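Protein chains: 4
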Amino acid sequence: MAIKKGSEYIESIRKRKIDIFFFGEKIENIIEHPNTRPVIYSVAKTYDLAHVEDYKDVMTAVRDDGEIINRLVYIHKSKEDLYKRVQLARLLSKELGTCNYRCTGSDALNAVYLTTYMIDKENGTDYHERFLRFLDYVQKNDLAVTGALTDVKGSRALRPSEQPDPDMYVRVVEERDDGIIVRGAKIHQSGSYAAHEIIVLPTRAMRENEKEYAVAFAVSPDTEGVKFVLQFNSFEAKRALCKDCSIELGIPKYGIRGTAMMILDDVFIPWDKVFLYGEYKYTRNLIEYFTLLHRMAGAPCKTGFADVVIGGAYLLTKHLEIERSPIIRDKLAEMVSKSEAAYGIAVAAAYEGEKTDAGTYLPNKILANVAKLEGSLGFVKILTMIAELTGGLSVTGPSEKDLKHPEIGKYLQKYLKTGKASAEELLRIEKFLELWIAGPHYVGTLQGGGPPQTQKLSISAYVNWEELEKNVKNLLSEE
Amino acid sequence: MAIKKGSEYIESIRKRKIDIFFFGEKIENIIEHPNTRPVIYSVAKTYDLAHVEDYKDVMTAVRDDGEIINRLVYIHKSKEDLYKRVQLARLLSKELGTCNYRCTGSDALNAVYLTTYMIDKENGTDYHERFLRFLDYVQKNDLAVTGALTDVKGSRALRPSEQPDPDMYVRVVEERDDGIIVRGAKIHQSGSYAAHEIIVLPTRAMRENEKEYAVAFAVSPDTEGVKFVLQFNSFEAKRALCKDCSIELGIPKYGIRGTAMMILDDVFIPWDKVFLYGEYKYTRNLIEYFTLLHRMAGAPCKTGFADVVIGGAYLLTKHLEIERSPIIRDKLAEMVSKSEAAYGIAVAAAYEGEKTDAGTYLPNKILANVAKLEGSLGFVKILTMIAELTGGLSVTGPSEKDLKHPEIGKYLQKYLKTGKASAEELLRIEKFLELWIAGPHYVGTLQGGGPPQTQKLSISAYVNWEELEKNVKNLLSEE
Amino acid sequence: MAIKKGSEYIESIRKRKIDIFFFGEKIENIIEHPNTRPVIYSVAKTYDLAHVEDYKDVMTAVRDDGEIINRLVYIHKSKEDLYKRVQLARLLSKELGTCNYRCTGSDALNAVYLTTYMIDKENGTDYHERFLRFLDYVQKNDLAVTGALTDVKGSRALRPSEQPDPDMYVRVVEERDDGIIVRGAKIHQSGSYAAHEIIVLPTRAMRENEKEYAVAFAVSPDTEGVKFVLQFNSFEAKRALCKDCSIELGIPKYGIRGTAMMILDDVFIPWDKVFLYGEYKYTRNLIEYFTLLHRMAGAPCKTGFADVVIGGAYLLTKHLEIERSPIIRDKLAEMVSKSEAAYGIAVAAAYEGEKTDAGTYLPNKILANVAKLEGSLGFVKILTMIAELTGGLSVTGPSEKDLKHPEIGKYLQKYLKTGKASAEELLRIEKFLELWIAGPHYVGTLQGGGPPQTQKLSISAYVNWEELEKNVKNLLSEE
Amino acid sequence: MAIKKGSEYIESIRKRKIDIFFFGEKIENIIEHPNTRPVIYSVAKTYDLAHVEDYKDVMTAVRDDGEIINRLVYIHKSKEDLYKRVQLARLLSKELGTCNYRCTGSDALNAVYLTTYMIDKENGTDYHERFLRFLDYVQKNDLAVTGALTDVKGSRALRPSEQPDPDMYVRVVEERDDGIIVRGAKIHQSGSYAAHEIIVLPTRAMRENEKEYAVAFAVSPDTEGVKFVLQFNSFEAKRALCKDCSIELGIPKYGIRGTAMMILDDVFIPWDKVFLYGEYKYTRNLIEYFTLLHRMAGAPCKTGFADVVIGGAYLLTKHLEIERSPIIRDKLAEMVSKSEAAYGIAVAAAYEGEKTDAGTYLPNKILANVAKLEGSLGFVKILTMIAELTGGLSVTGPSEKDLKHPEIGKYLQKYLKTGKASAEELLRIEKFLELWIAGPHYVGTLQGGGPPQTQKLSISAYVNWEELEKNVKNLLSEE
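So the protein lines, in turn, are chains A, B, C and D. So the first sequence is numbered by the working numbering: it starts at 8 and just counts up by one. So the second sequence is numbered by the working numbering: it starts at 8 and just counts up by one. So the third sequence is numbered by the working numbering: it starts at 8 and just counts up by one. So the fourth sequence is numbered by the working numbering: it starts at 8 and just counts up by one.
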């Protein structure tokens, strides 16, 4: 039950046949294709980092039976585990500069673990046992797992059961002896095609008349009927256009967050991989547990990104020889403050976490949401401050190909050097910053894990308003 | 060595002769005077709360010898202790709605403990032993202690030794066999006159030619030559004018933060109470340790205030029957987020604290500063949001005396009632909010513990910029 | 028809019998009483400034018949007039450092002028003629006029007609041959008791079944049944306590905004002073016109305050010898930017104003609201920045009486001096800033003229969303 | 002297030989190339709009001799002209959704007009006459003109004359009988290659020993030695990759701001086109005049963009059927407020403009800077609010090619429709928003016209601090 290496992970998915489309074409080989490769490399690094001596404490965990597994497939059994989960998120973001892609899997595994335990306990079903078998299989084989939540939703004014097209939320269209047939689509799926298993969960709490939508299951990306369409944003275009580029790509190896839309075209799921079906009352729990874990982890994820991007901004100020200006120092310190704040709140969400009936741990409900809310707003503020700091070359600079062009290259070499940096060094850091301040990160930060509004709704629901009211009334009346 | 009760504390200071002035007059009895009484009551409550069963875990601590003491005079021996310190700050702020006045004492005791340990270890002096005796005396008698830092500073463009008047920073003007004579003044002293002992520390790091300014000692407020002048702001005026008021005072019993200016008019300090003298190199340490502890604690202090003020805002929206509006709920949730963020970062500063050579614990340097910075900015944002929410009556409402006036009272009763609240109830909560949104809290929050700029300077100094630079360079180059 | 002098204004109101209460007592003489005197002096200055040569262009206007009148009682007849109205607001705020108290009167006169014109034109009534007579009387005698809008409102969940107590909005309780009897109360009335005439308007649009609430009229403060209760906030307390103070009062002569609650205890209004009664459909117009003018003027009012307060902050930095620090300069410039922005938007609201059917001018609807919204948020930001800048003495400093105390005064003189300022100079500027950053200005700024939410609602209603949609669709489709 | 049509403009530049590089290749035809075409189309539209009846008042102006010319080549002769300049900026941004590329030219022409007038008047030179001839030529032929300021700067710690490589700022390397030879490079040049003439100005004030850098002149893009390298950011990559795309391009015809680096490789400039050479003292004036005009115009430029992007956001909320939510309406109104604020301040900068000695008009110095500062910060806030509003599909959506793909297209059509919009309609608006919230606009907004810091420095320099100090001192002392 050894922790896999990155190269082993890559081999394990090499032979797969996956229905995946990008920019109007089918991708033949996700390991080689420039627009999927960065995702594969990122996932591979989550394996390799588990072998780095300094990181083992964070990257791995010990099961009850003493087996050492990757923490990304672990079930949290203590506050310290939650704290390690926070450190894990920061570490991976800092090492990759992008999504690690297994983070939703960790949160989905923990959410399903607890929910199936509850359903069985209250209803005498056997979901938890099924899930434990699946979990053991995942842990033993150190599988890459993602979680899939966001449905396409159709009309936002109607509930799932009210949609003219009933497939706007993933649902069971047929029940068979050996399993179920599911239909629907999930959007914003970070790296799902690179996973061994995808855990599909409902995106919202379902009601009694929405039992067909109350379904949770695992599915492998190479299952018949599963189709992926890769995102196509401007950065994907740059990668597609500039296959041999390095400087242009900002972070050449790991790139930006690679998402896809996943379509479930009447896919068969055997009962062994079905973890909830029809128990609509528990859909709320399932989503709540996932969300708490994911929002806690979302904050240090941004801190890890901030480590990278503040480092980049600092390097740029050194290239420009302005790093000692009081105004610059003030701004850099403010960025650090926003970044560390996100980390700090998440740490507190972990330490103020609570033990569940199933013996697992969930973060503090309010602090987990606050971590995500303040963390994402803080990171967006950091990005804006950097956009204010950089001199504009991030978006107006020439390409690396021009830099090497026989005729024009020498002029760029001459005119884009600074006192401390060569033209190449300057362009490299500017293009790196482009990735962050002129790319998908603003949207990704604000929308990933739900937009700020959703965290405020959660906070409002969790606050004990009566207790606050009572406390203030005491102060008002005490003479 | 029992923990004192509030009433015992009050008795212990009743007979003292203190030189204290307010609004052009000498105060004869600080226990009875309307402008000092709230401070006495607040300190008294820090004693009484230690006897509340539910709060004992936070309010008290166990010394190595097994004695139970008030946590406000305790030396932190673990991360858990730092965490309790954070909870203590929030609890006291929430229970009092104002300063607890012993908080600076706690931080000063811990800072002096560690600094004297270091000086002695490196120089063979006996400051630490002296201090341990003093500490034992404080703990055994459960004394109220404050810390005094901020000098009057004179010209901000000159160092202490360069001032035309050499007394702009507290200094030793004479060295005697039995002790030293000190002169100078400290401003912004929260509740110092109500303390049993005041620990005086330098306000900045001193240089070799500033040895006379490198001095730390304890002094009792009733020592000859010690004089206090109470703050006189508009809220003090209200208290002075309206001695029999209740509603007007917002928090009738505990009021607002009561500060004073403390003048040391050639005061004799026996050697037993001198904890540093001349060792200018350690002044930086002393201030750093105090500051780290105080900034960590400053954040949950604001969260406790926010608990109170958000509770008040919520109560007002109920009185006005607007508490279900989506916009109102959104704003209240945002306030909670800012407040809990401050708490969370401080919790993290505690858990990521570090053991010192003296066996004590200091909070994480960056997180402690981030906690204070984000906490104070967040609380100010909360206050502004509440000023946006309240309908204006907080500053335009009539007085409680008008409400009871035989002629005009009935009109006010009629016209200031809402659907859910009587005129008195409405006015009470509006006047309570006045305290926060139209009083000294904006300034107090931003200036207490140092203005935001100072925290940014500290953060900038503590960040490992080279490590950030190295990390980003790795990402830029990895292919 | 000469413009009155301040002294004449004061004489004109000296003999009045006004029912006015403060802090549980009846005020006998509003000209002498410390808590009403600043309002009288402020209004008086609006007369005197009209005689200052440099200000005549702004302070006065020429009627169609060539008579020169104070611009505060003028009906705007051009865009240039609206622009002068903007400059007037800034000038008065800058000269007074507080409310000029006649501003609501100017806006009410203009709103009633236009509304009565419309009602008559569409209904053949004679309101406009009545109003023109009243206006002529006001202009000829250069009367101080205020506008009264905000009702007490009772339950915010119910409309006027649904309130258990029908008097929560001012209404007509009896119609007589010679006039009407009105009952109700108006809150937040700035300086109304110091006016010659108060124009009472509804606070919201009324419906068909609310005709008794659809009423607008003029009333003099000394009319039988009119009663005032002065605000009692902490600054009023300071004034009441410290009758011979100067430094303490911040702006000794003009003080803070003085508001009162006005109760109409079955007051008789002769038909001559009734400007709308029963025409519920026009209540929306009346409020809209008043609001547009008042929101346009609200912004430069804040810029005038900002001129004062930024000047104060600058002076403080000079006293402290930190005015050349890059960080300080940056902050001061940011304050100026927020302040001038408010002014600029208001100027644009004037220049993009529109001519009405009555030949008068109204500001641009969107820009008037934007001016108020951005202006008030900007001024609050300025206050917070100043709270960040000041060293805390604004709220912790001793009183001016202590400064002169025979025993303690010399210590304060010694210790509160800086390199550039005496203790008195330093305290004076700190106490001046207290007025702004630790007083009613946060609330006053955000609530006066309606809280930010109301401006956003107005903006949303005025935007031509379909035009924006059409424009973007063009861009999307043009190939 | 008729105003040209867009098609005539295009023909006028068709035959030019321009040295221009993109992504490692020489562009043969800037009219056809996908990455330069949008710039050509944008400039062409500035011609066509001058023929639209409704826009003639804004788009054209009348010379003293009665000739009607395009306002983009006009010298402002009144406040009304400045106001029209503001409207022009908004109109063009709203019609194009991108840069109009002739805006810097307008500001450069006006700045050079005034500066040459001053130099000649004080020194008896003939620059102004030369310039008038050039201006007449430009106006008569309705030429597209841009201004070129930003030098590459080399080490930011050194002045132009101190750089190891003396070519880091454009300079004269040789003086000849018939003209001068210039060398250097300008970056961030918006659409310069599409201009008929480029006016090159110094980027900073020069000193006596920097006379060779004190040079201003006009140059045509097809002059020998002039070379351009196009920007290569991710959006350029998308255009380069997806030549037949429509939806993907957001604004298919006009695209994003197209900038280039311009290299002056020892270019000969005849004396007729040299407008300043050696008169270092006037470089400060030249830059100040340009900057004032450009900052005034920068704000309404952003308002025009905001018209487009808020329209897009509104359309998206309609597609998603959430446009009636109170929270959504609140956010849209807040966006409008930020946008109109920018416009309003610029209008005020125009109306408070001042006549110069040369008879031209310059905007109010403080307001012009405030307009730019608040306008750019406001627009960035709008972008962030939209990033918060959009559901994420802006960066995670599939490409338009997938939508039409024979195999996968039908699934996308099914799953990406909403209740109100087809998949294509939804993707189109999401991709349009991508342009703004995941592209170069954050940086472009904050850096174009100088980063916020530079506006604050200007404001600080222009404020009359002594006057503010004097005013507050009056208020402090008046009793």
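Misleading hints may appear alongside valid ones.
Identical chains blur together in the list; that is why a pair holds if it fits in one copy or across any two.
[Stated by the list, open to error] For lysine-lysine, the following PhoX-like pairs were computed, each having C-alpha atoms within a straight-line distance of at most 25 Å: (1) Lys477 to Lys52; (2) Lys477 to Lys86; (3) Lys362 to Lys86; (4) Lys480 to Lys408.
No lab work stands behind these hints: they were computed from the structure. Only a predicted model underlies this, so the values are computations on that prediction, with no experimental measurement involved.
Results for each hint:
Taking CA atoms no more than 25 Å apart as the test, lysine 477 paired with lysine 52 passes between copies only; the shortest distance there is 18 Å, against 51 Å inside one copy. In the homo-oligomer, the alpha carbons of lysine 477 and lysine 86 never lie at most 25 Å apart, since the shortest distance is 30 Å inside one protomer and 32 Å across protomers. Taking CA atoms no more than 25 Å apart as the test, lysine 362 paired with lysine 86 passes in both settings, with 8 Å inside one copy and 21 Å between copies. Taking the shortest alpha-carbon separations for lysine 480 and lysine 408, only the inter-copy value of 21 Å comes in at or below 25 Å, while the best intra-copy value is 69 Å.
Violated hint for the displayed structure: number 2, the only one.
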